[in-house]
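Knowing the structure of chain A, use the given hints to seat chain B on it.
Protein chains: 2
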Amino acid sequence: MILTSAITEKLRLIEALIRTPTYTAVGYTHGRIVYVSTVEGATDLWSLDLKTNEKIKLSEGGIHSLAPVRSKSPLVVYTYDVSKGRELQQVFVNHVEGGKEFRIEKMGPRRVLGMGFDGETIALGAATEKAMELWRLTPSGEAEKLYETHALLFVTDYNDGRIVGQGIFKGDPRAFEIFMYDIKKAEFKVYTPKEGSVNKNPKVRGDLVLFTTTAFGDEKLLIYNIAKDELEEPKFTHDDYKKYKFTEYVDYDWTDDGRIWFIGKREGRTKVFIDGKEVPMPEGFSSSLVVVENKAYITHSTLTSPPRVYEVDLRTSERRVILGADLPPEVASRLGKRYFIKYRSPDGLEIPTYVVESQAAPKPGPTIVYVHGGPWAEVADYWSVLLASLVVSGYHVVAPNFRGSTGYGEEFRRLDIGDPGGGDLQDVVAAAKWAKEQGLASKVAIMGYSYGGFMTFLATVKAPDVWDAGVAGAGITDWEEMYKLSDAFFRQFMDILFDNKRELWKDRSAINFVENLKVPICIVHPQNDTRTPLRPVLRYVMKLLELGKTFELHVVPDVGHAIRRIDDVLKIVMPAVIFLDRYLK
Amino acid sequence: MILTSAITEKLRLIEALIRTPTYTAVGYTHGRIVYVSTVEGATDLWSLDLKTNEKIKLSEGGIHSLAPVRSKSPLVVYTYDVSKGRELQQVFVNHVEGGKEFRIEKMGPRRVLGMGFDGETIALGAATEKAMELWRLTPSGEAEKLYETHALLFVTDYNDGRIVGQGIFKGDPRAFEIFMYDIKKAEFKVYTPKEGSVNKNPKVRGDLVLFTTTAFGDEKLLIYNIAKDELEEPKFTHDDYKKYKFTEYVDYDWTDDGRIWFIGKREGRTKVFIDGKEVPMPEGFSSSLVVVENKAYITHSTLTSPPRVYEVDLRTSERRVILGADLPPEVASRLGKRYFIKYRSPDGLEIPTYVVESQAAPKPGPTIVYVHGGPWAEVADYWSVLLASLVVSGYHVVAPNFRGSTGYGEEFRRLDIGDPGGGDLQDVVAAAKWAKEQGLASKVAIMGYSYGGFMTFLATVKAPDVWDAGVAGAGITDWEEMYKLSDAFFRQFMDILFDNKRELWKDRSAINFVENLKVPICIVHPQNDTRTPLRPVLRYVMKLLELGKTFELHVVPDVGHAIRRIDDVLKIVMPAVIFLDRYLK
Numbered sequence: 000m001i002l003t004s005a006i007t008e009k010l011r012l013i014e015a016l017i018r019t020p021t022y023t024a025v026g027y028t029h030g031r032i033v034y035v036s037t038v039e040g041a042t043d044l045w046s047l048d049l050k051t052n053e054k055i056k057l058s059e060g061g062i063h064s065l066a067p068v069r070s071k072s073p074l075v076v077y078t079y080d081v082s083k084g085r086e087l088q089q090v091f092v093n094h095v096e097g098g099k100e101f102r103i104e105k106m107g108p109r110r111v112l113g114m115g116f117d118g119e120t121i122a123l124g125a126a127t128e129k130a131m132e133l134w135r136l137t138p139s140g141e142a143e144k145l146y147e148t149h150a151l152l153f154v155t156d157y158n159d160g161r162i163v164g165q166g167i168f169k170g171d172p173r174a175f176e177i178f179m180y181d182i183k184k185a186e187f188k189v190y191t192p193k194e195g196s197v198n199k200n201p202k203v204r205g206d207l208v209l210f211t212t213t214a215f216g217d218e219k220l221l222i223y224n225i226a227k228d229e230l231e232e233p234k235f236t237h238d239d240y241k242k243y244k245f246t247e248y249v250d251y252d253w254t255d256d257g258r259i260w261f262i263g264k265r266e267g268r269t270k271v272f273i274d275g276k277e278v279p280m281p282e283g284f285s286s287s288l289v290v291v292e293n294k295a296y297i298t299h300s301t302l303t304s305p306p307r308v309y310e311v312d313l314r315t316s317e318r319r320v321i322l323g324a325d326l327p328p329e330v331a332s333r334l335g336k337r338y339f340i341k342y343r344s345p346d347g348l349e350i351p352t353y354v355v356e357s358q359a360a361p362k363p364g365p366t367i368v369y370v371h372g373g374p375w376a377e378v379a380d381y382w383s384v385l386l387a388s389l390v391v392s393g394y395h396v397v398a399p400n401f402r403g404s405t406g407y408g409e410e411f412r413r414l415d416i417g418d419p420g421g422g423d424l425q426d427v428v429a430a431a432k433w434a435k436e437q438g439l440a441s442k443v444a445i446m447g448y449s450y451g452g453f454m455t456f457l458a459t460v461k462a463p464d465v466w467d468a469g470v471a472g473a474g475i476t477d478w479e480e481m482y483k484l485s486d487a488f489f490r491q492f493m494d495i496l497f498d499n500k501r502e503l504w505k506d507r508s509a510i511n512f513v514e515n516l517k518v519p520i521c522i523v524h525p526q527n528d529t530r531t532p533l534r535p536v537l538r539y540v541m542k543l544l545e546l547g548k549t550f551e552l553h554v555v556p557d558v559g560h561a562i563r564r565i566d567d568v569l570k571i572v573m574p575a576v577i578f579l580d581r582y583l584k
Numbered sequence: 000m001i002l003t004s005a006i007t008e009k010l011r012l013i014e015a016l017i018r019t020p021t022y023t024a025v026g027y028t029h030g031r032i033v034y035v036s037t038v039e040g041a042t043d044l045w046s047l048d049l050k051t052n053e054k055i056k057l058s059e060g061g062i063h064s065l066a067p068v069r070s071k072s073p074l075v076v077y078t079y080d081v082s083k084g085r086e087l088q089q090v091f092v093n094h095v096e097g098g099k100e101f102r103i104e105k106m107g108p109r110r111v112l113g114m115g116f117d118g119e120t121i122a123l124g125a126a127t128e129k130a131m132e133l134w135r136l137t138p139s140g141e142a143e144k145l146y147e148t149h150a151l152l153f154v155t156d157y158n159d160g161r162i163v164g165q166g167i168f169k170g171d172p173r174a175f176e177i178f179m180y181d182i183k184k185a186e187f188k189v190y191t192p193k194e195g196s197v198n199k200n201p202k203v204r205g206d207l208v209l210f211t212t213t214a215f216g217d218e219k220l221l222i223y224n225i226a227k228d229e230l231e232e233p234k235f236t237h238d239d240y241k242k243y244k245f246t247e248y249v250d251y252d253w254t255d256d257g258r259i260w261f262i263g264k265r266e267g268r269t270k271v272f273i274d275g276k277e278v279p280m281p282e283g284f285s286s287s288l289v290v291v292e293n294k295a296y297i298t299h300s301t302l303t304s305p306p307r308v309y310e311v312d313l314r315t316s317e318r319r320v321i322l323g324a325d326l327p328p329e330v331a332s333r334l335g336k337r338y339f340i341k342y343r344s345p346d347g348l349e350i351p352t353y354v355v356e357s358q359a360a361p362k363p364g365p366t367i368v369y370v371h372g373g374p375w376a377e378v379a380d381y382w383s384v385l386l387a388s389l390v391v392s393g394y395h396v397v398a399p400n401f402r403g404s405t406g407y408g409e410e411f412r413r414l415d416i417g418d419p420g421g422g423d424l425q426d427v428v429a430a431a432k433w434a435k436e437q438g439l440a441s442k443v444a445i446m447g448y449s450y451g452g453f454m455t456f457l458a459t460v461k462a463p464d465v466w467d468a469g470v471a472g473a474g475i476t477d478w479e480e481m482y483k484l485s486d487a488f489f490r491q492f493m494d495i496l497f498d499n500k501r502e503l504w505k506d507r508s509a510i511n512f513v514e515n516l517k518v519p520i521c522i523v524h525p526q527n528d529t530r531t532p533l534r535p536v537l538r539y540v541m542k543l544l545e546l547g548k549t550f551e552l553h554v555v556p557d558v559g560h561a562i563r564r565i566d567d568v569l570k571i572v573m574p575a576v577i578f579l580d581r582y583l584k
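Going down the list, the sequences are from chains A and B.
Residue 528 in numbering that gives the first Met the number 0 sits at position 529 of the first sequence; the count goes up by one each step and never skips.
Residue 114 in numbering that gives the first Met the number 0 sits at position 115 of the second sequence; the count goes up by one each step and never skips.
For reference, chain A alone in the conformation it holds in the complex (with noise of 0.2 Å):
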C-alpha cells in the first residue's frame, strides 16, 4: 500500500518558516529602539525600553510606510493602507511609548511616495490618479498641499526647513535628479552635478545633502553644499572603508552627533562604517543602521537567516542579538549551501546570480528560476521569505540578476531600459541552462512575483520548452490595458521602463502569445492590486481557458500588491507549493 506523501507535512513546515518572526531595527528615541516586526502576524512597529526591555506595540495590523524617527521627537509617523491593498493611505502618529493613534484626515487617502519627519512636521510625496505631490503634515492634524508636478518624484529625508528627495525631472529615463524644496521660500530647484547621471537617496541637515551619484563613475557618496553650491567629499576620522570597493551604497546619514555612517554594498553583501571605521557584522546583509552613542543596532539576515537585529559596541566590537527569532531546526536544516555565481548569458553578459540548494531536494533535482521584483532591485544574501520557502520545500532555487538589477552598477542597472522582457529574458532563460549544465537542475520552473511574475508569463510564452512549469505571482500579461489601469506614478514607470517605446508593449505581453504555452501555470494575484491589476491576469486567463491550456489561479481577497500580513503571504505561498509539488516532481 503506497500512501501519496503528505503534502500538508511541506505546507506545515512553509508556515513555521513564514511565521518566524523578522525584526527590524528603523531608529531611536527616548530610550526606545522603534523596530518592525511580524511577530504578531503584521509587519507591525513596536518599540523597545534599552533599560527594561519592555517591548510596546505602535501599531496594528501592518503598517505601509514609515518616516525617519527623530531622537529629539517621541513621535512615530507612518502610514497604514486604508483602501484594502490599493495602497491608498493616510499618516498616522503615535508615542513610541505607545497609547491611541492619532490619523491626520485632513490628507485625503493617497499613494505615498516617500515621507520624510524633522521631528515636527511631517514631509511627504504622493501620487493621484493625475500627479505627483508634496505635502507638510503636523502631528496635530493640520495638511497642506505643498506642490505638484508630472514628474515621477520620490521623498527621501525632510529635515531644517528642506524636503529632499529623487526624481526624473529632466525626461531622460536613464538619469535621476535631486530635488530640494524650500518650505520658506517654497521654491522647488532641481540638481544634478552632470545631466543623464543617476543621483539617490538625499539626506539634508542644513545647507549639506548627502547623496550618491554616478555623475563621476561608479556610484560614489558625496555632499552637495546648497549655499555654497559646490560638490564635497564627505570627510571620515578613520579609512577601514578604503580597502573596499563598493558598487552601491545601502543607506547612509549622518548620526546626531553629527558623524557620517553608511553601508556599502558588492556582489550582495555589505559592510558598515560609522566615521569610516568599519563595524564588524557576519557574512551577508545589513540592511539598517541606528546609532545610539556607543551603541550600533544592526539589522542583518542572510539568504538562509531572517532578520534580527545586533546590538554592537562600538568600542569592543562586541555584538549580541537584541531582536530575533531562529528558524525551527527542522525547517532550517532543509536549507543548503547558498553562493554567489556568474554564467554567461547567450550576448556574453556576465549575469550575477546567487544559488541556494535546498537540502530535501537530490542533485540534480527539481530546481527553481526565481525571478525577483523591480526590475530595478536584486537577490542578494538577504531573506526573502518566499525564496527561502521554495528551498524548504524540496527545490534547488536560482536566482539571477539579470540585466536591469541593481547592485552591479548603474551601467548593468540601464541595460533594461526600452528593453524589459528582452535582453533580461534571456538572462532567465540562460539561468534554466546554467542549472541543467551544473548538475543543479534536473527539472526547472520558473517563479517571481510583479515584475519576477511578469517574466514568468512572458518566459513561459516565449521561451516555452525551457520550463516544466511557471508560478506567477502578481504579474503583468498586457502592458496595455496595464497602462490604462494605472496611476499617474505607474504611467511614469512604465514610460520610463519602456524609454517612451509604447511600440514595444505588444511584444511584451504575453497575451500576445498564449498560444505558445506548453506547461502547467500556477497564477496567484492579489484582489486589489494597484501596481499590476487583476483585470488584464483574468483576461488572460479567459484565453488559457479557451485554449484549454493547463492552468491554475489563485486570487487572494482584501490584499493589494505588497503583503504585510502572515496568513497572506500563506495564501501567496501555499498554493505555489501544492501546485509545484504536483508538477515539478
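The set of hints was computed from the structure by calculation and includes no laboratory data.
Please read these numbers as outputs of a predicted model, since none were measured by experiment.
Copies of the same chain look alike in the list, so a pair counts if it works inside one copy or between any two.
In silico BS3-like links for lysine-lysine, alpha-carbon gap of 30 Å or less:
#1 Lys483 / Lys542
#2 Lys83 / Lys542
#3 Lys54 / Lys584
#4 Lys542 / Lys505
#5 Lys548 / Lys483
#6 Lys584 / Lys83
#7 Lys83 / Lys517
#8 Lys105 / Lys548
#9 Lys129 / Lys542
Structure of chain B alone, referenced to chain A:
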C-alpha cells in the same frame, strides 16, 4: 506574545480525513469481489480474492464510470475520462485478476450516460454536442451505434438482448419513462404505466423489467413483463420488508439464482432485504449490495464514518468488515452528534435536514449551511468528505434537503421544477435562521458544490443579510451563458429543470445581482468543468473586481466537475477551509 493559530494544523487534519481510504463493493466474479477504493489516491477499481485476501489493482489514476460486473465473465468494464476532466470518456476492459487494460477505441470519446454489460458485450448511452446515442461495444474492440435521439436518456442495464434505461421521452419534465431497446429487432420502445409518472432504474432479465414507479402513488418496486405487456408485483419468500414504509429504493436487482434484493430508504437511512428478508446492518446508509451464495457484501457509511464493506453471513446474520479504514482518532474525535430534524420554510413546507455538530466548535458556534448538488439528490446519513471536512475544521453543519431533493417522495422532488433558485432558495435561507434560533449557530456561511455552488452564488446576492460568508464550488452564475456552453445532455437538463421557462434564467442568475453582495465569497472552480463551465464564473469575477467586492478565486487545473483524485479534492477543500478560517471566526 500571541501566536496566530497554525492554519496548517487544521489542514493536516483535513488531509488525514480526506486520505482515509473509502471502499465500495461493486460486484463479484471468479472468486473475487470487485470494489472501488481511494486507497492509492484516486477512485480506482480493485479486486479482492475471497480465499487468499489478495488484492489486485485493475485501473490507474481514477475511473469515471463502471458497468455492472457479471459473474459469468472475468472481465470488468469501465471508463476513463480522456479529456482532462471534460467528461469525454472511452471504455476500457480488464481481467478481474489484473493485467493489461484494453481500450476500445472505435467509439470516440463521449459523455457516457450509463453502461450495461451482459457478460459478453457492452451497451451504453452517450451524449455528443448534438444528440443522445445508444452504442454496443465488444470487449475485443468492435463498436456500433444502435440508435440516436434528442431525448434525455440514461442506460441502467443490459441483459438477454435488451438494453434498458430511463429518459424523458414524452416532453413532460416531471416524468420519466422506461425505454427498452431490442437489439435483434433494432427496436426502441418507451414504456410507462401511467402518463406523467416517474419510472426509474430498470433492470432486465429475459422478459422481465424490475423498476420503480410512482404511477400508483409513492415510489413502488414493480415488474413489467414485456412478453405479456403486464405489470406484476415482485414476489418474496419473506415479508420482513412489510413493516417498513420506504420513500425510495436505493438499488435492487436479481441475484444470480433469481431472488430479488433491494435497499429501501426513508429519511436518509436504509434497510437491506434479500428475497424479502432483512439483512441487519448498523444505522446509516447501505449503498450497494453484492450477493455471493450465502454471503452478502454490503457497502455502508454514515455522515461520520467513511464507506466500508461488510461481509454478512446470511444464515447467521454475523457481519465483519472485510474492506475498510477507520478515521484517525484525532479526526474522528472532532466529529460530533449527527441527527435528523425538520424545520418549516416560510411557506410552511417542512424541510428534512441532517445536522452534524463539530466537537471543535462552541455552541453557539460558527455554522455552515451546506447545500447539496443535483438538485435531484440529497444529504442522507452517508459519507460526504466535503461535509465531514467542514465539521473537522470546527464548523457545525446544517444540510437541508430543500424542495427538489430526492429521498422524500416524488411530489417533494418535483417542487423545484420550473422554479430553481426560487422556493428552494427560501428553504436554504430558512436553514440559517433555524440554526440561529436553535442556539447552534453564531455566524453562518453558505457553502455548496455544483447546484450547491449555484445556490451559494444566488443566496449571497438575493438574501445578502443572512450570511457572513459564502463558498461556491463549481457553481453557476449565469444560466444563459451556461446553456450556450453546454452539450445536448445539459441543455436538456436545463430545459427540464426550468420547465422550459427560459424567461426565468435572468432572475435566477447571480450575475444580474452582483451589486447586492455584502459578504466575502470564496470561489473554487475546476478548470475543465463541462457541466458548470468556468467562463461565466470568470465573468462574475470580473464584475466582483469592478465593484470592489471581497472575493477569493481558486481555479483547479486539469480537472472537471467530477473529482477523482485525492490531491484534487484537497485542492478544492483546502482553500475553502483557509477562507472560512479567516472570515467565519
